[in-house]
Amino acid sequence: MPKNEQFVKFDKVDKSYDGKVLVVKDLNLDIAEGEFITMLGPSGSGKTTCLMMLAGFETPTNGEIYLDANPISNIPPHKRGIGMVFQNYALFPHMTVYENLAFPLRVRKIPKDDIDKKVDKALSMVSLTGFENRMPGQLSGGQQQRVAVARALVFDPAVVLMDEPLGALDKNLRESMQYEIKHIHESIGVTVVYVTHDQSEALTMSNRIAVFNDGKVQQLSSPDKLYEEPVNSFVAEFIGENNTFGGQVTNFSQEKCKVKLNDGSEILANPITVKSNGDKTTVSLRPERALINTKEKMDNNFKGKIEEVIYHGDHTRVRLDLLGNKEFILKVPNSSANMDIKLGNQINVSWNSHDARALDPK
Amino acid sequence: MSSETQKILTTDGIPLEVSLKKAERKNKLKAFLLVAPLLLFLIITYIFPIGDMLMRSIDDRMVTNMLPKTFKAMEDWDGKELPPEKVFEAFYFDYKLLVEEKTFGKLATQLNYEKNGFKSILKKLKRKMKKFEEGNYKEQIMGVHKRWANVEYWRAIQRRSASFTNAKYLKGIDMYENEDGKIVNVPEDRQIHRVLWLRTLEVAFFVTLLCFLMAYPIAHLLATLPMKYSNLLMICVLLPFWTSLLVRTASWMILLQQQGVVNDFFVFIGLVADDARPEMMYNKTGTYVAMTQILLPFMVLPLYSVMKTISPSLMRAGKSLGGTPFVAFWKVYFPLTIPGIGAGCLLVFILAIGYYITPALVGGASGTLISNQIAFHMKSTLDWSFASAMGLMLLAGVLAIYWIYNKLVGIDNIKLG
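One line per chain: the protein sequences are A and B, in this order. For the first sequence, position 237 matches number 250 in the working numbering, and the numbering has no gaps at all. For the second sequence, position 243 matches number 953 in the working numbering, and the numbering has no gaps at all.
Some hints here could point you the wrong way.
Some chain B residues judged to face chain A by a derived CB distance under 7 Å, without partners named [claimed, not checked]:
| id | residue |
| --- | --- |
| 1 | Gly1033 |
| 2 | Val1042 |
| 3 | Pro1045 |
When the alpha-carbon atoms are kept at most 25 Å apart in a straight line, the in silico BS3-like pairs for lysine-lysine are as follows [said to hold, decoys possible]:
| id | chain 1 | residue 1 | chain 2 | residue 2 |
| --- | --- | --- | --- | --- |
| 4 | B | Lys779 | B | Lys816 |
| 5 | A | Lys130 | B | Lys1041 |
| 6 | A | Lys33 | B | Lys816 |
| 7 | A | Lys92 | B | Lys838 |
| 8 | B | Lys1041 | A | Lys134 |
Pulled from the structure, derived: some chain A residues nowhere near chain B, Cβ distances all over 10 Å [claimed, not checked]:
| id | residue |
| --- | --- |
| 9 | Lys25 |
| 10 | Gly47 |
| 11 | Pro55 |
| 12 | Pro124 |
Hint data in this document are derived by calculation from the structure and do not stem from the laboratory. Backbone N, C-alpha and C define an ideal beta-carbon position, used for all residues, glycine too.
Based on the sequences and whatever the hints tell you, model everything.
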């Protein structure tokens, strides 16, 4: 069966709460069937609003949302058949785990035997078999989280929405739950729309990530493309670590451009959003793309002074004063070749112009 | 592990438990001293009066102390026929003493409670007694009035010989102990208390129900509205709470009377004819309306405090899982508000069952409650022992309701805030 590439479709959706400010602006987003898509963005960027519109708890001010080609703006939440995992799980505190899971099945008038089977299956999927008669209050945070996931999946919804479901868990548990949710998604192939502000969560779990800022999708692409090839300086800044240089394009061509920095020096960069000479730009460079004392041939070579050295075990973070940027970060792998990293030393730093992306000015 | 538990010692060699007690003694003493004034206050103003009330309601020593010799002489009288001479003689001397002390009136009142007709024959006896000769008191007393020769009256005296009595409690539920010592109902045309008890329960029940029906939506609105509106609404709920009870009741009198605001409005919009204005006051309607309004905040506040803690995402979860708004409300939201409902209903019911001022002012004859009857006996008939007995019955009733409630809902499920 061919996959439906437009299983969920946001079509020119606007949303305003007060009639003055648009929290979602002209959103167009297609979500394929079976896809794990993450809406990533800082708080207030409109990502949760999008999720609430899809769930039916908010109505779009303008535009339409389609689920499997059917417009759903006028369908109330309980008829949409969309499963949802809430931020604080929203387990019903007065019901046992079994009753929580049976709730969506009972309201659908499914026979008791089938309910038992489905609940069993869902609980074994999240490895909580035997917890049927516990109350949510007797479960740990991670277990509650899994019950919430099982409850959102137990009635076989076409789409499952997750609103920062791991936000309340501690770091280790969060990481193991990320893998667990990812595995569940892979095994049952349900479409998942996931909202988070944690970029590492988004990078590990998703097929595609939509980066939200200011009510707009800044970039929609796969995690590796998002990290390697950010299309604007917000995405570059928001995802991963990032060194930036402000400057002006002096020598523009399709392949390469020369950027004159604010301190007068010139670097070579990869033109992404800049179009012509004289454009203001911010050049973005990932810390791991800049090398020290390398023998490889690279087209940007500069000297910088070491300002700070932080030992991280497997690598060392080095802060440099380079080309007028005092916050230039390098990640140096921990090997015997790099023993001359000392505070105050001058050091050779090189990178390829291809990795230095000339983006819109900040 | 060895079966003997080893005593843990501190570094000084003192057992740990002793050391701990010593260290905490000062704090315990401090804590006790802090609550001591309140404890003393409670003992003086609450526990002592209740104990006193209990005593007063069963205490019947007044008559016992006034006729000590008589009751002593009556000890071996079987009560079938007229008592022997020595009882008459003892009664003569007891009564003579009372006449000299000028306290015989009290005896007359007390004995008259027991059997009508005592007052006049005791007065007559007092007049004739001055000319009595020594000896043969039986003949002389019986000669004063023919009732003195009636064994019923002597039995009535004998019934008051005990120091303690349950007569007041029986009277509270329209029963009494008849001449044969059997507990029977008073004649139906003279029953008043049972009606009052039932009416009190009925009014308390319906006031609680009305309060619940009105408070639930208000509390829900309060808990879900944005802060700036909910604060205003909260003040609207609390404003009557801060107004004097008398002022509120008086304003209901202004509103509800036949020439009052509400009736004027009904006539104005043509709902009722001017000459057929309904009576909304001095009956049960007035009691219902005023009490519901006055007790409403006691229902709103516990409900609000519970609803405030229910996350709105629970209702959303209920809906997203496929429940209609009603199902989500009924299966998810409502069960979570039960602790608040319990607290509110118990509070309103218990307050309503002992309510006094409002029914007294707007209740009229058909709207008064048991507490008004208690007040009546406290202030007008001065039958304090009967008022005490009814007060204690009311208290017992409230405790019984509390107990039933605890069995049904569980007191741990109550949440006042």
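Against the structure, the hints:
1. The closest approach between the C-beta of B:Gly1033 and any C-beta of chain A is roughly 5 Å, which is under the 7 Å cut-off, so the hint is satisfied.
2. With its C-beta approaching chain A no nearer than about 6 Å, B:Val1042 sits inside the 7 Å limit, and its interface hint holds.
3. The beta carbon of B:Pro1045 is positioned within 7 Å of a beta carbon in chain A (closest approach about 5 Å), and the interface hint is therefore held.
4. Taking the CA atoms of B:Lys779 and B:Lys816, the gap is about 17 Å. The hint holds against a cut of 25 Å.
5. Between A:Lys130 and B:Lys1041 the alpha-carbon distance is near 22 Å, which keeps this suggested pair within the 25 Å criterion.
6. With a C-alpha separation of about 85 Å, the suggested pairing of A:Lys33 with B:Lys816 is violated against the 25 Å cut-off.
7. Distance check on the hinted pair: A:Lys92 and B:Lys838 sit about 98 Å apart at the alpha-carbon level, beyond 25 Å; violated.
8. Taken as a hint, the B:Lys1041 and A:Lys134 pair is honoured in the structure, with Cα atoms around 24 Å apart against an allowance of 25 Å.
9. Look at A:Lys25: its CB is around 25 Å from the nearest CB on chain B, clear of 10 Å, so calling it non-interface holds up.
10. Against the 10 Å criterion, A:Gly47 stays outside the reach of chain B, whose nearest CB is about 20 Å from its own CB.
11. Separation of A:Pro55 from chain B is adequate, the least Cβ-Cβ distance of about 22 Å exceeding the 10 Å criterion.
12. At the 10 Å boundary, the C-beta of A:Pro124 stays outside the reach of chain B, the nearest C-beta of that chain being 16 Å off.
The structure is inconsistent with the numbered hints 6, 7, although it conforms to all the rest.
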